[in-house]
Amino acid sequence: MESKISDTLQRKSYDYLFERIEATAKDKAKQAHYLQYFLNKAKIDQNSEEIVNGYKNYIFYLPEKLKLVYADSMIHSAKKANDNALIGASYLSKGIVYYGQKKHKYALDNYLIADNYISKTNDKYLIYKVKYNIAHIKYYLGFYDEAISLFNECIDYFKENNTRAYLNSLHSLGLCYNRIGNYGLCSEINEKGIQEGIRLDNNEMKEYFIHSEGVNEYFKNNYTTAIKKISATIPTINKKKDFANESVGYFYIGKSYWNLHNREMALQYFFKVDKIFDDKEYIRPDMRQNYELIIKYYKSKKDLNKQLYYIEKLLKADSVLDNRFRYLSGRVRKVYDTKVLLKEKQDIEDLFNKRQYNDFIFTGIVVLFFLIVSFITYRHITNKNIYRKKFEELMEKNEAVPKTEVKNGDNGIGNINKDTVADILKQLEKFEKDKKFLAKDLTSAKLASIFNSNPKYLSMIIYEYRGKKFVKYIADLKIDYLIKLLKEDAKIRKYSNSALAEEVGFSSTKTFTQAFFAQAGCPTSYFIGELNKISQENEIL
Numbered sequence: 345m346e347s348k349i350s351d352t353l354q355r356k357s358y359d360y361l362f363e364r365i366e367a368t369a370k371d372k373a374k375q376a377h378y379l380q381y382f383l384n385k386a387k388i389d390q391n392s393e394e395i396v397n398g399y400k401n402y403i404f405y406l407p408e409k410l411k412l413v414y415a416d417s418m419i420h421s422a423k424k425a426n427d428n429a430l431i432g433a434s435y436l437s438k439g440i441v442y443y444g445q446k447k448h449k450y451a452l453d454n455y456l457i458a459d460n461y462i463s464k465t466n467d468k469y470l471i472y473k474v475k476y477n478i479a480h481i482k483y484y485l486g487f488y489d490e491a492i493s494l495f496n497e498c499i500d501y502f503k504e505n506n507t508r509a510y511l512n513s514l515h516s517l518g519l520c521y522n523r524i525g526n527y528g529l530c531s532e533i534n535e536k537g538i539q540e541g542i543r544l545d546n547n548e549m550k551e552y553f554i555h556s557e558g559v560n561e562y563f564k565n566n567y568t569t570a571i572k573k574i575s576a577t578i579p580t581i582n583k584k585k586d587f588a589n590e591s592v593g594y595f596y597i598g599k600s601y602w603n604l605h606n607r608e609m610a611l612q613y614f615f616k617v618d619k620i621f622d623d624k625e626y627i628r629p630d631m632r633q634n635y636e637l638i639i640k641y642y643k644s645k646k647d648l649n650k651q652l653y654y655i656e657k658l659l660k661a662d663s664v665l666d667n668r669f670r671y672l673s674g675r676v677r678k679v680y681d682t683k684v685l686l687k688e689k690q691d692i693e694d695l696f697n698k699r700q701y702n703d704f705i706f707t708g709i710v711v712l713f714f715l716i717v718s719f720i721t722y723r724h725i726t727n728k729n730i731y732r733k734k735f736e737e738l739m740e741k742n743e744a745v746p747k748t749e750v751k752n753g754d755n756g757i758g759n760i761n762k763d764t765v766a767d768i769l770k771q772l773e774k775f776e777k778d779k780k781f782l783a784k785d786l787t788s789a790k791l792a793s794i795f796n797s798n799p800k801y802l803s804m805i806i807y808e809y810r811g812k813k814f815v816k817y818i819a820d821l822k823i824d825y826l827i828k829l830l831k832e833d834a835k836i837r838k839y840s841n842s843a844l845a846e847e848v849g850f851s852s853t854k855t856f857t858q859a860f861f862a863q864a865g866c867p868t869s870y871f872i873g874e875l876n877k878i879s880q881e882n883e884i885l
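Note that the numbering used here has the sequence shown beginning at 345, numbered continuously upward.
It should be emphasised that the hints constitute simulated quantities derived from the structure, not laboratory data.
Remember, predicted model here, so these are calculated numbers, not experimental data.
One should not assume that every hint holds.
Below, computed lysine-lysine pairings styled on DSBU-like, alpha-carbon distance capped at 35 Å [what the hints assert, rightly or not]:
1. Lys813 to Lys780
2. Lys482 to Lys385
3. Lys790 to Lys762
4. Lys447 to Lys409
5. Lys640 to Lys733
6. Lys482 to Lys619
7. Lys838 to Lys424
8. Lys564 to Lys409
9. Lys372 to Lys356
10. Lys409 to Lys372
11. Lys584 to Lys372
12. Lys564 to Lys640
13. Lys475 to Lys784
14. Lys400 to Lys503
15. Lys877 to Lys423
16. Lys400 to Lys385
17. Lys482 to Lys828
18. Lys733 to Lys762
19. Lys779 to Lys762
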């Protein structure tokens, strides 16, 4: 039966296969067959664009944990085709996967790489797709005026070119108006989005416009209406596994009940927000108040255990926000300032300590904590000084490849005669000069085969004349080359660690970061940051 289906599919177009993939979404076994056949057909046809689309199909329909694997396969295939539009679209897809996981830093890294490739093309759809996704990052970071400008550009373009993207852009624009306090204009946009969906016969965004308006009604102090509208959209949003909008909905339903003085009902929704934070680590600056209100509730009940528990949660939320919202740290008003929180936490812990421990043990804990903090502070300052020294050494380092000759009086190494040593050294110099070390998965066996030698001889000569074992020798060559690239090309500095690892042929990001630190003496983030500071100073001068 399987072979008959495959024989029939050979005569079918890619459009037909894609339609079957969409049509069999509820039958995963059948869908898997069409997904596989689409990709295999593209590979047999050596059709680069459809190979990329084949991997993209997998990204759309596979479980979350597998999406990034196929996104990387997309990028690899697009790079083999050497097509800027395909490469840019592939990085954009990977960024969208990260955004869906709410890993905004990684999403932005990939959007910037995508923009670098797509800006070299005349593909307007991709150009505006990048604008749309970067606008979302700006919205997430709180740069609402910039996001509004970009979303308006996207609305003008997508209105005539892509219905769903047009409706998405309208929805996002409405969210921006809500965040800047223009609730009237937000309502107008939401109503327009619903009507445009009817006109264009596309109701995919209807629930999102209603959800947006529900949140907007909260800010208009129409709490009962807010609860009704948001609650109506939760089942659809939950079905789409959109945990971010689900969490936002629960938060504003909870706040509406709170303002209606129904604290117990509000608490049930705040707990739902907390559950999503536990599962997905999703939090926004405005939703920080979720924990403030829970703490306030338990404070009124004089429940010290629950207060302490949710203060810990709020501190964790602050840690996540501080990491993700560096640009916003000075703009977000915090009812519970971190110092106040830490003091309140310490006061509650003191109460427990007085009940459970004597003064001697408590004093010991305080002293130990002080010593740990002092040690961490000392190590941080020491590391920064070491990193600075290493950075200065790297900036002064001569990058010329030294010419290596057989040492005077050397009759060979072990069982290797002098002529063989000289021949391998000459080949090594060419290998280094031609940057062949950038190849992935390079082993001593592979390189020895190219040199018409054997791995044992090659490793012995490298150790004698380069002072390193084979693996470190190759890794250091890659890192030295990358350091030179980073000094010369500001665009490369925007790459993520995974992209940098790919650029110089490391098999994994972890191996790359370890190799960079071992050779450079500082992390990539520090080295790139210092280079960017120098560039900015030069621009000012």
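Do the hints match the structure? See the list:
no. : hint             : result
1   : Lys813 to Lys780 : holds, 18 Å
2   : Lys482 to Lys385 : violated, 40 Å
3   : Lys790 to Lys762 : holds, 23 Å
4   : Lys447 to Lys409 : holds, 13 Å
5   : Lys640 to Lys733 : violated, 49 Å
6   : Lys482 to Lys619 : holds, 27 Å
7   : Lys838 to Lys424 : holds, 22 Å
8   : Lys564 to Lys409 : violated, 40 Å
9   : Lys372 to Lys356 : holds, 21 Å
10  : Lys409 to Lys372 : holds, 17 Å
11  : Lys584 to Lys372 : holds, 17 Å
12  : Lys564 to Lys640 : holds, 24 Å
13  : Lys475 to Lys784 : holds, 33 Å
14  : Lys400 to Lys503 : holds, 24 Å
15  : Lys877 to Lys423 : holds, 31 Å
16  : Lys400 to Lys385 : holds, 15 Å
17  : Lys482 to Lys828 : holds, 32 Å
18  : Lys733 to Lys762 : violated, 40 Å
19  : Lys779 to Lys762 : holds, 26 Å
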